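Asker: In case you want the letters, here they are:
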Amino acid sequence: MKARLKRTGGDTLEFKDVGHRGEPLLVVDDLHTSFRTGRGTVRAVDGVSLTVDEGKTLGVVGESGSGKTVLSRSIMGLLPPRDVIKSGTVRFAGHDLTAMDPVQLRQVWGAELSMIFQDPMTALNPVKRIGVQITESLRLHLGMDRSEATATAIELLRSVGIPSPEQRIRWYPFQLSGGMRQRVMIAIALACSPRLVMADEPTTGLDVTVQAQILDLLAELQRERHMAVILVTHDLGVVATRADDIVVMYAGRIVEQAPTKTLFKETRMPYTQALMDSIPRLSDPSGIRLHAIAGRPPDLIHPPKGCRFAPRCPYAQDKCHQSEPPLRTAGSPDHLFACWFPLVNGVSTAPGMSSGSSVFGVSGGSGTPGESADASTASDQVPPAPWSLADTPIDPDAGLEPS
Amino acid sequence: MAKYLLRRLIQLVVVAFIISVLVFLLVHLLPGDPAAQILGANDTAHNRAVLNKQLGLNLPLWHQYIFWLKGVLHGNLGQSYLNHTPVTQVISTGWPIDLELIIISQVIAFAVAIPLALITSRRPNRPVDNISTTATFGMLALPPFVIAPIMVAVFAVGLHWFPATGYIPFTQNPATNLHDMILPSLAITAGSIAVYYRLFRSDLISTLQEDFVTMARSKGLSPRWIMWRHAFRPSSFSLLAAAGVNIGALIAGTFIVEFLFAIPGLGYSLVQAVNQRDYLVVQGITLVVAVAYVVIQFLIDFLFTVVDPRVTRE
Numbered sequence: 001m002k003a004r005l006k007r008t009g010g011d012t013l014e015f016k017d018v019g020h021r022g023e024p025l026l027v028v029d030d031l032h033t034s035f036r037t038g039r040g041t042v043r044a045v046d047g048v049s050l051t052v053d054e055g056k057t058l059g060v061v062g063e064s065g066s067g068k069t070v071l072s073r074s075i076m077g078l079l080p081p082r083d084v085i086k087s088g089t090v091r092f093a094g095h096d097l098t099a100m101d102p103v104q105l106r107q108v109w110g111a112e113l114s115m116i117f118q119d120p121m122t123a124l125n126p127v128k129r130i131g132v133q134i135t136e137s138l139r140l141h142l143g144m145d146r147s148e149a150t151a152t153a154i155e156l157l158r159s160v161g162i163p164s165p166e167q168r169i170r171w172y173p174f175q176l177s178g179g180m181r182q183r184v185m186i187a188i189a190l191a192c193s194p195r196l197v198m199a200d201e202p203t204t205g206l207d208v209t210v211q212a213q214i215l216d217l218l219a220e221l222q223r224e225r226h227m228a229v230i231l232v233t234h235d236l237g238v239v240a241t242r243a244d245d246i247v248v249m250y251a252g253r254i255v256e257q258a259p260t261k262t263l264f265k266e267t268r269m270p271y272t273q274a275l276m277d278s279i280p281r282l283s284d285p286s287g288i289r290l291h292a293i294a295g296r297p298p299d300l301i302h303p304p305k306g307c308r309f310a311p312r313c314p315y316a317q318d319k320c321h322q323s324e325p326p327l328r329t330a331g332s333p334d335h336l337f338a339c340w341f342p343l344v345n346g347v348s349t350a351p352g353m354s355s356g357s358s359v360f361g362v363s364g365g366s367g368t369p370g371e372s373a374d375a376s377t378a379s380d381q382v383p384p385a386p387w388s389l390a391d392t393p394i395d396p397d398a399g400l401e402p403s
Numbered sequence: 001m002a003k004y005l006l007r008r009l010i011q012l013v014v015v016a017f018i019i020s021v022l023v024f025l026l027v028h029l030l031p032g033d034p035a036a037q038i039l040g041a042n043d044t045a046h047n048r049a050v051l052n053k054q055l056g057l058n059l060p061l062w063h064q065y066i067f068w069l070k071g072v073l074h075g076n077l078g079q080s081y082l083n084h085t086p087v088t089q090v091i092s093t094g095w096p097i098d099l100e101l102i103i104i105s106q107v108i109a110f111a112v113a114i115p116l117a118l119i120t121s122r123r124p125n126r127p128v129d130n131i132s133t134t135a136t137f138g139m140l141a142l143p144p145f146v147i148a149p150i151m152v153a154v155f156a157v158g159l160h161w162f163p164a165t166g167y168i169p170f171t172q173n174p175a176t177n178l179h180d181m182i183l184p185s186l187a188i189t190a191g192s193i194a195v196y197y198r199l200f201r202s203d204l205i206s207t208l209q210e211d212f213v214t215m216a217r218s219k220g221l222s223p224r225w226i227m228w229r230h231a232f233r234p235s236s237f238s239l240l241a242a243a244g245v246n247i248g249a250l251i252a253g254t255f256i257v258e259f260l261f262a263i264p265g266l267g268y269s270l271v272q273a274v275n276q277r278d279y280l281v282v283q284g285i286t287l288v289v290a291v292a293y294v295v296i297q298f299l300i301d302f303l304f305t306v307v308d309p310r311v312t313r314e
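Read top to bottom, the protein sequences are chains A and B.
Number 403 marks the last residue of the first sequence (the working numbering); no jumps.
Number 314 marks the last residue of the second sequence (the working numbering); no jumps.
Just chain A, with the same shape it has in the complex (with noise of 0.2 Å):
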């Protein structure tokens, strides 16, 4: 009955280098993940593509309910199998992940890719010392005895800065702030040096102040150690400055793909213009509204016939409502978009759309175009967003003006 601490059962996996070869690292191909419910299939990832190189981040912004969450869990395999409806293919560092059992996947997991998770006051163990909670990887991956792993295990905590980390060692999750925590679980997930790390929501929960730090920190260690980031995050500041590369979800797809600089430069979706202009500007007049996108993600039991996003867009035709956009390319084949009618320069391609100045207006107000009659009936119907993607004020030293 006594459970050990050993890798049990198959053949150790090489993992190759697949840099060398000019592969990426991680390629994501149609991946499907629906849930099972009472109410009908959720569809919370619906056929996402991307790649992401060795040494680089990615960024994935989208919403609460965007299925960005579950895009971090599908790539890596984590979600339950109960109820989980599972499609397309993840190939990590030559090997498909979603080929894998699961004894093949757990030596895959904590060692080559590993997980930041939002919540540092769940995500650990209340129970358990920090010091057991980062060796345990370090005797199971690495086969280190445990003096070994303890001695590691402290150099780990001083490497995120953690002072004093030989006593830490011995402190449970309770005793250390919210940023400790979540420096501590970057030290859990970088234990064994994985190639590529999921950073799901890593500053969420955390102050302002600490937030900044927490996302240096990781960009530092992610430069020494030469490892590939997912950062998925609700907050197109928090990305804007520490990704190679964007990808935007809405409603379980993608629907702009590009490099950091030519997403910010060159927006072609309304959706991410729409983020863009959530975010809180320290340039704008004080006392002024928050700019909100209207409305609420679409239901993901039956989401929208035509393009997800077109019942809040307020340049939606009627092509928009009857048919989904490819996600494609105009220009630079690195940068993809899903619209019929994408934006240049800020305006909208739709006919009937002259107007110079970004039409998302000031949640509630008076901002909303009446030119489109489209348009002003989507905001009629919709009640004023009860949520904001603008209510987390950004760290002001992030530079979220695009160069």
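Among the hints, a few may not be true.
[As the list claims (entries may be wrong)] Pairwise CB distance ranges (calculated): (1) A:G22 - B:R123: 41 to 47 Å; (2) B:R123 - A:G346: 34 to 40 Å; (3) B:N173 - A:F174: 48 to 54 Å; (4) A:F174 - B:T171: 44 to 50 Å.
[Unchecked claim] With the Cβ distance kept under 7 Å, some of the chain A side facing chain B (calculated, not the full set): (5) A123; (6) S137; (7) W171; (8) Y172; (9) L176.
Calculated directly from the structure, the hints in this document are not laboratory data.
Model, not experiment: these values are computed from the prediction.
Even for Gly, the Cβ is constructed at its ideal location relative to N, Cα and C.
Since chain A is already given, all that's left is putting chain B on it; use the hints.
Answerer: Leaving out everything else, chain B in the frame of chain A:
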């Protein structure tokens, strides 16, 4: 930790003191004059007064209490009105029986409930889980006075595996004693298994949905390791609390089973004493049972500090 336990220990002493006052008052709240009972209703008022004086019953209540408490602290709980055996002797023959019943029944209960919960909680609502859950529901619904006669009918009368009644002290013949105690213990253990299994199972199921279990999975740990090293302890808090209450209730609470199997435990003696208005025996046993209850809660509190580090530090 030491500070926390010291605080609990002081609480224990205070509670024990309050219990002693209540137990003392219990007898005095009951109607009737002890002197009249001893001398008979037809004796003279003068004789009664003399006896009251001899017994110290003419003194103020607080004085009587101190007098009684002094006796208690010196191990003197008085003697039975009926056969003049010292109350301490009644208790000292009774408590090992209760202790034995409790230990055997609880060891069986934990040995069945914990592994069963560990197995079924991993895949809830599968056949094994449904069978166990239904079976324990039945156990919960059947009180010992229903289970015991059925077991006697099947295992004692029908199969002759065990004696229907009888008791031999452990010190006289351990093997026979254990053999005799199996049926009574099983009658008690059914309810405990049901309570422990259901609590531990549901706590395990909710713990397995916690972020820190997903986190443990994302480290590549095996399901068995996660179960034992990550989910077990955080799921055991309500189990521990329930065990404290349950074991406390079993002290002298086993009297039905003791009656059915004719085992002279504390509960058996208590019920007899109540029936015969043998007040000092009632008083003595009540005091011992109440103090034992408090001590068990103290031990459970101590175990909490072992299981959950947050208890002592927050």
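Asker: Evaluate each hint against the coordinates.
Answerer: So, going through the hints one by one against the coordinates:
no. : hint                        : in the structure
1   : A:G22 - B:R123: 41 to 47 Å  : 44 Å, holds
2   : B:R123 - A:G346: 34 to 40 Å : 54 Å, violated
3   : B:N173 - A:F174: 48 to 54 Å : 52 Å, holds
4   : A:F174 - B:T171: 44 to 50 Å : 49 Å, holds
5   : A123                        : 4 Å, holds
6   : S137                        : 5 Å, holds
7   : W171                        : 10 Å, violated
8   : Y172                        : 5 Å, holds
9   : L176                        : 12 Å, violated
Taken one by one, the earlier hints fail for this structure at numbers 2, 7, 9, listed in ascending order.
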